[in-house]
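Asker: Residue numbers (the numbering used here), protein chains in the order written: chain C, 1 to 169; chain Z, 1 to 760; chain R, 1 to 352.
For the record, the hints were derived by calculation from the structure and aren't laboratory data. Please note that the accuracy of each hint is not assured.
[Stated by the list, open to error] Partial selection, computed: residues in chain C whose CB lies under 10 Å from chain R:
| hint | residue |
| --- | --- |
| 1 | Asp34 |
| 2 | Val54 |
| 3 | Leu63 |
| 4 | Leu69 |
| 5 | Arg73 |
| 6 | Ala81 |
| 7 | Thr85 |
| 8 | His120 |
| 9 | Asp163 |
| 10 | Arg166 |
[What the hints assert, rightly or not] Covered stretches of chain C, as calculated for chain Z (at least 3 residues, CB under 8 Å):
| hint | stretch |
| --- | --- |
| 11 | 17–29 |
| 12 | 128–140 |
Idealized CB from N, CA, C, for every residue including glycine.
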Amino acid sequence: MSLSISLVINGEPRTVQIDDPRVTLLDLLRERLDMTGTKKGCDRGQCGACTVLVDGRRINSCLSLAASLDGARVTTIEGLAEGDTLHAVQAAFIAHDGFQCGYCTPGQIMSAVGLIAEGHANGDPERIRELMSGNICRCGAYQGIVEAVLEAQKTLADQAGRDGRRNAA
Amino acid sequence: MPPEASSPISAPTVRHGSNAGQPLTRRDGVLKVTGRATYAADNHPQGMLYAVFAGSRIARGRVTSLDVAAAKAHPGVVEVLTPANRPPLAHDPDKKMPPFGFRVDVLQDDRVRYVNQPIALVVAETLEAATEGAALLDPQYTVERARTDLSNGERFAANGVGVGAPPRTAHGDIEAGFAAAARITEAEYETPAQYHNAMEPHAVVAEWDGDRVTLDMPNQALSLSAASYAAYFGIPAENVLIRSPFLGGGFGSKAMLNGPQILAILAARMLKRPVKLALTRAQMYGPVGHRGATWQTLRVGTDDGGRLTALHHRSISATSSFDDFLEPAANASLPLYASPAILVEHEGLRLDTGTPGPMRAPGEASGSAALEVALDEAAEACGMDPLDFRLANYAQTEPGTGRPFSSKALRDCYAQGAARFGWAGRPLEPRRMRDKDGFLVGWGMGTAVFPCPHFPAEARATLRADGTALVETSGVDMGQGAWTALAQIAAEALGLDPDKVEFHSGVSSLPSGGIAGGSGHTASAGLALHNAGQNAIAELGALAMADPASPLFGTGNIGVTARDGRLYLRDDDSRSDSYADILSRAGRAELAATAKAARDPAVAAAHAMFSHGAVFAEVKVDPDLGQIRVSRLVGAFAAGRIINPRLVRSQYFGGMIWGISFALQEVAATDRRTGRIMNADLAEYHVPVNADVPPMEAILVPEDDPYVNPLGVKGVGEIGITGTVGAIANAVWHATGVRARRFPIRIEDILNGGASFRAA
Amino acid sequence: MNRFDYIRPASVAEAIAAATEPGSAYLAAGTNQLDLMKVGVARPQRVVDISRLPGLDRIEWLADGGVRVGALVRNADLAYDSRFSQAFPGVAEALLSGASAQLRNAATVGGNLMQHTRCAYFHDLASACNRRAPGSGCDAREGENRLHAVLGWSEHCIATHPSDFCVPLAALDAVVEVESPAGRRDIALDALHRLPGSTPERETALAPGDLIVALRLPAEAAAFSAHSRYLKLRERTSYAFAVVSAAASLRIDGGVVTHARLALGGVAAKPWRARGAEALLAGARPAEAIFAEAAKLALAEAKPSGDNVFKIELARRIVRRALSLAGEGTPQVMPALPASPFATVPGAHHAA
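All chains should be modelled from the sequences, with the hints used to inform the complete structure.
Answerer: So, in structure tokens, the structure goes:
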């Protein structure tokens, strides 16, 4: 059987033919759309390396059937930076050395973006630790990750504040 | 200590001068945060097929049938490799591959020696088809009883431990030492099988072109592996190109050849199409190594002053039924504490498991875990503070041999770590501290130590007429920061800003960068780069000094220094010449120099070379429920010259987190009847998550080492685990009064203050 | 994963008609079902994707003060719904202690109720498992079983139910609404999951094709909102299943417990409601001694099924602690580490 689904991936509308309903969103991205930034660490929702945003929410792309996501907006690590300008979370991960081998990093960053949008951590490092616990980093870059999320959250809040003032003016 | 310690270097980098010693951010940072860093399984050559191996579900026996027809009937399945049709290999996989290779399982016969051993390889047009094809094989077996632990494994006298270390070392008269002791403490310690579980599962994309093959695979030892693969496939070593620009973690597991990767390469040759194989997470538990279990006994004799009179450390180390890597755990007792008599001994234990191998601090981690708890028990018996006890037994020279240490700033580590942690005033007795919420609080410490190996390495440095340079070595960045630190070393040797230095690495065709292992990569590959850079500068100097148009003309005997892309006459900054000008005038587009580097054997023989450290841990334990949380960790480490403090701190943090993991979480839960690991995943095989990791501090204690190598660089990648495991276990004792001697320490060990809930 | 037909029905009626065919399985978010398909425990011939059935993603407040939660409401959306978490704080805490933020964003209410045991022998096709393959035996009995059941198990199966969410739901008399070819019916949550007995393969009271469409919590359940906690022991601080957990809810009036609700997780093949302990607590003044009595009673029938005798004592202590925490009152804000013994209030640091 072959299915045709519509996705908006990193802002770009795409029609994707799926010849096998078993294809997960993760394998669709990696093996069929040549978007390999999203990583496979466990393929079972146990590590977070495959985290992407679907309709703005962070999820494990390994546990989603692509066919099931017809019509969804998907944001991956490739869609975060604007040209050469890194997203605040990406920049903060570099500044705080929030990674070593880099393999879990796309998932960590997408998870952090999702976390900040969810708005439940505020500036509490303990809440960030808890809410980033779905992303395993075997190298052990957690301290830098927490620092990076704290900083990025502040940067984004400041940006939003500036934009808000500008709009109000 | 402030609860949320901020690293002083986390502010935007201010660069003073340049190069080595500066906390530069990672050169590969942008690639890694944008998803553009390519790992092996990200490659997708035209026409690529997918391979998935079927792993045995028994630990010992034979495969009697495979439903190959069912697999082949699945749409998209192209081929099924089994012992019946597997093409020949040029090297016998049941023979070890020198120098370090293990025996591997590549469908040579129907024997099964461990769970998850490859018993077939399915190749298909899609990943989905290959996966299901492997599931359809429905293997049947004749099963023999698996040997899974000390009770039923086969014990044997060890010929060697680790990578070529002797199984037994004796210094002094051990019995005389115990006879002279005022007190003897003795206890047994167990460490379980642990699995590396790098976030990136092992993978390979193999593409043949005639008798040449390109392998995209994560690999910690590029040159060595290229030669080994060539031997397996009967082709010249230069016909194997391994590309490993990034590894998604290695921790030792990506230094050795393994069966699944060889089979995928073989399938690509057989089918004349590129083939990709990526292990599933479950398949990481078996064919790609692990940290073998140990059963250790420590006997510690002390005199009235709390000084060691004898230290006896024995380890029974588990290995597979068909190879012999033994965790050199007891050797952890050799270099650290002064004792007139030290005896370390190892015995082997054969189990029906995949062959263990080096896993981050092999031997040191397991051995230090036991040793540091044993020292704590001895200190307790002597009524001494654990830090005072270690200071009383401080080794001024290497115990047993009396060799001087090439450098040893361990006293500074103890002092700085203790001060930062606030160790002073710690009550000697356990169960004396509580926090405001009623949690039991405990403080523990341990000494960290790790040797400084040096691997032969080569490098090439090319100065270009545009004032930039290219440096090349087949180095490996598995997260430790080689791209950055090695480039810093090269830039310093070349007198260039790092931004002007192009760094090529991660490909086997480059000059050999040696092995990324043993915490020796920065020193080994770094020294080769340093030497190549110096050679290039020397040649450039010779060009300038022979050039009448150069301000340096005719200054040959005085010499030059290299700085910011210019050569300066030594002690006279008024006479200088730029690299670009020297090369342009000589009509040269570039100037290349190579170098090899190895350790001077005479210096090595005359000195004991180790990194040292001290780790202080605080834990909180729920007094009723037994759940443990590490609440603070402070490590102070002395590892010679620090090339990049930002990256080094991250290495220490990573090692200390592995210490948390070892102490409290990691264990492969093996079914005693079948040998199957019942938690072969990342949900139930626990490694720390973010919430497990407390605010940490790593203090970089200055240390100048004139002997270890000309750079003065020691290793930092593995030492963080050592010391930390013991510090946490000792802190748990201090909080609860329970001496846990089996790792990981679990809730049931703590409940009711002891071992009453332990299963036999 | 085996090949299957993928269908996406447009209505509940269509879904039920499709799923009544033999070999069919519902797929919602997939966080458990797809995982089971990947390891081969589930091999459906037909996957009925219900993830976007209309009308099942709403939280509706009933006139009597109860709440009706659509089966496709995501775990995170329910936990962070401010009205829900104020009315049922113990339920919200349980939800937030489960899995990870990513999984909670995806997983549905109905899917959580229908999740399968984490018993490794259930997941390992080479092992004997009566729950997966009736009559094959139970390899967990003599295997790695330190986390297995201590209540309600049988020689045929010693698996536990892994849900956190279901524990306070069982305590609070939640009801599931089930649609089937024969029409709609209600099942008490406490009756949804079955103890193994001699038929562990019959995990729930549902028949093939039955579809959970909603979950209801009665108005009385909200009366416990001032004294409701969920407490969960884990082998790491987060992203782990419970070793043992407990949901405790009290109504305290004039210094006396008028009503108590108590259920345990991680101890049995279903969330374990402790009605005897509840009865003991009713009318008592909240104090350690009576909590200890209640804990003893709640575990009176417990017996080890393997290397897990420690779980019985641990469960007693969890019950005492959960009751004690409930007695102290629901925190004003959700703890930073929901359900953890190390739960802290915002801004507090765990430094000495």
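Asker: All hints, please: hold or fail.
Answerer: These are the hints, each one checked on the structure:
1. This hint is violated: Asp34 of chain C has a C-beta 23 Å from the nearest C-beta of chain R, more than the 10 Å allowed.
2. Annotation: interface hint on Val54 of chain C holds; nearest CB of chain R at approximately 8 Å, less than 10 Å.
3. A distance limit of 10 Å between C-beta atoms decides the matter here; for Leu63 of chain C the minimum to chain R is near 5 Å, and the interface restraint holds.
4. Among the interface hints, the one on Leu69 of chain C holds; its C-beta lies about 9 Å from the nearest C-beta in chain R, closer than the 10 Å criterion.
5. Among the interface hints, the one on Arg73 of chain C is violated; its C-beta lies about 14 Å from the nearest C-beta in chain R, farther than the 10 Å criterion.
6. Interface hint status for Ala81 of chain C: violated, as the beta-carbon distance to the closest one in chain R is roughly 22 Å, over 10 Å.
7. Contact between Thr85 of chain C and chain R, as hinted, is not supported at the beta carbon level, the nearest pair being about 26 Å apart and thus beyond 10 Å.
8. Satisfaction of the interface hint for His120 of chain C is found here, the shortest Cβ-Cβ separation to chain R being roughly 7 Å, below the 10 Å cut-off.
9. Interface hint status for Asp163 of chain C: violated, as the beta-carbon distance to the closest one in chain R is roughly 25 Å, over 10 Å.
10. With its C-beta approaching chain R no nearer than about 30 Å, Arg166 of chain C sits outside the 10 Å limit, and its interface hint is violated.
11. Only residues whose beta carbon comes within less than 8 Å of a beta carbon in chain Z count, and the stretch 17–29 of chain C has 4; three or more means the coverage holds.
12. Coverage of the stretch 128–140 of chain C by chain Z holds. Counting CB-CB distances below 8 Å, 12 residues qualify, and the rule asks for three or more.
Of the hints listed earlier, those the structure fails to meet are numbers 1, 5, 6, 7, 9, 10, in rising order.
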